[in-house]
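There are 2 protein chains.
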Amino acid sequence: MMEKYKRYERLVALLKFFTDNPNKLVNLEQFMDMFNIAKSSASEDIDILEEILEKFDMGKLMTFPGAGGGVKYIPVSSLKSYVPFVKEVCERLKDPSRIIPGGFLYTADLIYSPPIVSKIAEVLVYPFIEKEIDAVVTVETKGIPIALMCARVLNVPLVIVRKDSRVTEGSFVSINYVSGSQRHIRSMSLARRALDKGAKVLLVDDFMKAGGTLKGMTELMEEFDAHVVGAGVMIATEEPREKLIDNYISIFVLKNVEEEKNIVEIEISDWILK
Amino acid sequence: MMEKYKRYERLVALLKFFTDNPNKLVNLEQFMDMFNIAKSSASEDIDILEEILEKFDMGKLMTFPGAGGGVKYIPVSSLKSYVPFVKEVCERLKDPSRIIPGGFLYTADLIYSPPIVSKIAEVLVYPFIEKEIDAVVTVETKGIPIALMCARVLNVPLVIVRKDSRVTEGSFVSINYVSGSQRHIRSMSLARRALDKGAKVLLVDDFMKAGGTLKGMTELMEEFDAHVVGAGVMIATEEPREKLIDNYISIFVLKNVEEEKNIVEIEISDWILK
Numbered sequence: 001m002m003e004k005y006k007r008y009e010r011l012v013a014l015l016k017f018f019t020d021n022p023n024k025l026v027n028l029e030q031f032m033d034m035f036n037i038a039k040s041s042a043s044e045d046i047d048i049l050e051e052i053l054e055k056f057d058m059g060k061l062m063t064f065p066g067a068g069g070g071v072k073y074i075p076v077s078s079l080k081s082y083v084p085f086v087k088e089v090c091e092r093l094k095d096p097s098r099i100i101p102g103g104f105l106y107t108a109d110l111i112y113s114p115p116i117v118s119k120i121a122e123v124l125v126y127p128f129i130e131k132e133i134d135a136v137v138t139v140e141t142k143g144i145p146i147a148l149m150c151a152r153v154l155n156v157p158l159v160i161v162r163k164d165s166r167v168t169e170g171s172f173v174s175i176n177y178v179s180g181s182q183r184h185i186r187s188m189s190l191a192r193r194a195l196d197k198g199a200k201v202l203l204v205d206d207f208m209k210a211g212g213t214l215k216g217m218t219e220l221m222e223e224f225d226a227h228v229v230g231a232g233v234m235i236a237t238e239e240p241r242e243k244l245i246d247n248y249i250s251i252f253v254l255k256n257v258e259e260e261k262n263i264v265e266i267e268i269s270d271w272i273l274k
Numbered sequence: 001m002m003e004k005y006k007r008y009e010r011l012v013a014l015l016k017f018f019t020d021n022p023n024k025l026v027n028l029e030q031f032m033d034m035f036n037i038a039k040s041s042a043s044e045d046i047d048i049l050e051e052i053l054e055k056f057d058m059g060k061l062m063t064f065p066g067a068g069g070g071v072k073y074i075p076v077s078s079l080k081s082y083v084p085f086v087k088e089v090c091e092r093l094k095d096p097s098r099i100i101p102g103g104f105l106y107t108a109d110l111i112y113s114p115p116i117v118s119k120i121a122e123v124l125v126y127p128f129i130e131k132e133i134d135a136v137v138t139v140e141t142k143g144i145p146i147a148l149m150c151a152r153v154l155n156v157p158l159v160i161v162r163k164d165s166r167v168t169e170g171s172f173v174s175i176n177y178v179s180g181s182q183r184h185i186r187s188m189s190l191a192r193r194a195l196d197k198g199a200k201v202l203l204v205d206d207f208m209k210a211g212g213t214l215k216g217m218t219e220l221m222e223e224f225d226a227h228v229v230g231a232g233v234m235i236a237t238e239e240p241r242e243k244l245i246d247n248y249i250s251i252f253v254l255k256n257v258e259e260e261k262n263i264v265e266i267e268i269s270d271w272i273l274k
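Protein chains in written order, with UniProt numbering: chain Y, 1 to 274; chain W, 1 to 274.
Mixed in with the good hints, there may be bad ones.
[Stated by the list, open to error] Covered by chain Y, per the in silico footprint, the following chain W stretches (three or more residues, Cβ under 8 Å):
#, region
1, 8 to 16
2, 55 to 64
3, 110 to 122
4, 143 to 154
5, 203 to 214
[Unchecked claim] So the derived list for chain W, only partly shown, Cβ under 10 Å to chain Y, looks like this:
#, residue
6, T19
7, Y106
8, V159
These are computed hints drawn from the structure, not numbers from a lab.
Since this is a predicted model, take the numbers as computed values, not measurements.
Note that beta-carbon positions come from the ideal geometry of N, C-alpha and C, so glycine has one too.
Produce the entire structure from the sequences given, and follow the hints as far as they go.
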C-alpha cells in the first residue's frame, strides 16, 4: 500500500513542485498519482493552495478546465508586491560610485546576484506571461543571467546569440548590424538548430541605448521565421528618444550620468508604478 | 491587530521563503515577525517543515543554535534523488545527432533549459555546499547558465570572466593562458571590483578537455588573492588523462565521440553513483 500524506504535507510538496515547474500546465492526475489521492482531494488541495498564495502574494494558480486542462503556477501575481524591491534597486543604481568613465554604470553586482536577478526577471516577464512565449533570446554576455531567469519564470528555453562567429554548434546564421551608439558594424550569429522555425520569442538584455543590438537580434530572428513578441531590458537610456526598435519595455530609464558632478539620474518606468 | 495565519499556511509560506533564499542563515525572529507568532510556534513550524522536506526528499534544514544562530535551507539533501535525472541526461547526451563536426557535442538544448540546468547545478554544487563559498566564477559564454544556477543554490554572487578585454567596468586584470587543446595563446579579463580580495571561489564551466581555461581562471584568481576551493564542470573528456588542474569534479566523463560510426560514449562520474 502506498503511503498516505497529510494535507499540510501535500500542500508544501505541491508548492515545491510548482516553484520548480512554473508556467507549466499540469493535469490533476499527476497530483493524484504523486500523493495517492482522489480527484476531489487533489482539487481541494489546489483550492487551498490558491488561497494561501493569494494571502501571501506568492504568485497565482490558473485553472484550465476540460480534458486537456489542468493547473498552471504563475510566480508573479501582481507587480504591486515588487514595487519596494524595484525602488530599492533604483536607489542602489543612483550610487555615484557606479559611474564608470565613459558614462557607463557598473551593474554586475546587481545583475549577477541570484536573488536580485530572479526578481528583476519576474518583473520583466510580467507583461509577457500569458503571451505563450516559446523561447527567450539574448545576446552574450551581460544579459545572459537576466535572460536565463526570465526563461526560468516562463519555463521556456534560453537562446544565446553570439557576438561573433565563435559558434561551435554546426551551421549557423550570421547578420551584420550597426551598433546604434557607436555606429560600428558588428556581427552576431546563432546556430541553425538553436531555435525552431516560427517560434514566438521574447528578446531580453540588460541595457539598451539606441537599440542597435536589439534591432540586430530582431533581424536575426527573421532568418529563423521567429515572431518577436516583444523585448525587455533592465535599463534603457532616455536619450536617444527615437530607438531603433518599438516594442520594448524597460524597468528603469537612465536619464543622465554626470561624471563630473557624480550624479546618476535614473527613474522607474511608469508601467511598473501605475 | 495583525493577521493570524494557520499552521498549514505558515508552512507553505515558509517553504516559499526558503526556496527563494537557499543556503542563507535566517534567524527564527524573522519568522516570528513574518507570521506574528511566538518563538515556540516558529520552532515547531521549522521542525514540521523539516519532516516534510525529508519525506519528499526536497532538501533539508540545518539548525544553528545560539545567539547568532538560525536555520538554513539546503536544496539538495542527497545525491540519490538526482540519479534518475542524471541517467536521463546521460542517455540524451548519447544521441548521435548531437555530434558536431570536429568531435564536439551539441548541448545547448540541455544547458540552456532552465529546469535541466537548475538540476545540473544542484548536483554540481553538492560537494561544495558546506565549504562556505563566497562566489561562483565562470568564463563566458556557454558555462554562464550552469554557473548562475550554481550561484543561486549557494546564494552567492556570480562572477563572469571575459574572454578578451571587452570589459566596460573600469580597471581590470588580464592574463594570458594557453588553450590546452589547441595550444593557442588566449587572454581573459576580470574587472577589479568584480571580486573581493581573499574570496573563496568555486570555478564552474560546462565543458573541460585539457583544463587550460580552468587553469587560466585559477591564475586569474591568484591576482585577486582568491582561494579556489574547487572546480565543477558538467562534462569532462576522458582524454587527456593528465589535466592542467587537479581539484575538479565533473558530472559526466566523455570517453569518445566517433564521428564516422555515429557513436557517443559518455558515462556518469563515480562520485554521483556511489
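Verification of the supplied hints:
Given a C-beta distance limit of less than 8 Å, the hint that chain Y covers the region 8 to 16 of chain W holds, as 7 residues qualify and 3 suffice. Counting residues of the region 55 to 64 of chain W whose C-beta sits closer than 8 Å to any C-beta of chain Y gives 3, which meets the bar of three, so the coverage hint holds. Residues of the region 110 to 122 of chain W with a Cβ under 8 Å from some Cβ of chain Y number 6, which satisfies the need for three, so the listed coverage holds. Given as covered by chain Y, the region 143 to 154 of chain W passes the check, having 6 residues with a CB less than 8 Å from a CB of that chain where 3 are the minimum.
Proximity of the region 203 to 214 of chain W to chain Y, defined as three or more residues with a beta carbon under 8 Å from a beta carbon of that chain, is not established by the 0 residues found. With its C-beta approaching chain Y no nearer than about 5 Å, T19/W sits inside the 10 Å limit, and its interface hint holds. For Y106/W, the interface hint holds, the least distance from its beta-carbon to any beta-carbon of chain Y being 6 Å, beneath 10 Å. Checking V159/W against chain Y: minimum C-beta separation of about 7 Å stays under 10 Å; hint holds.
Of the numbered hints listed earlier, the single one contradicted by the structure is hint 5.
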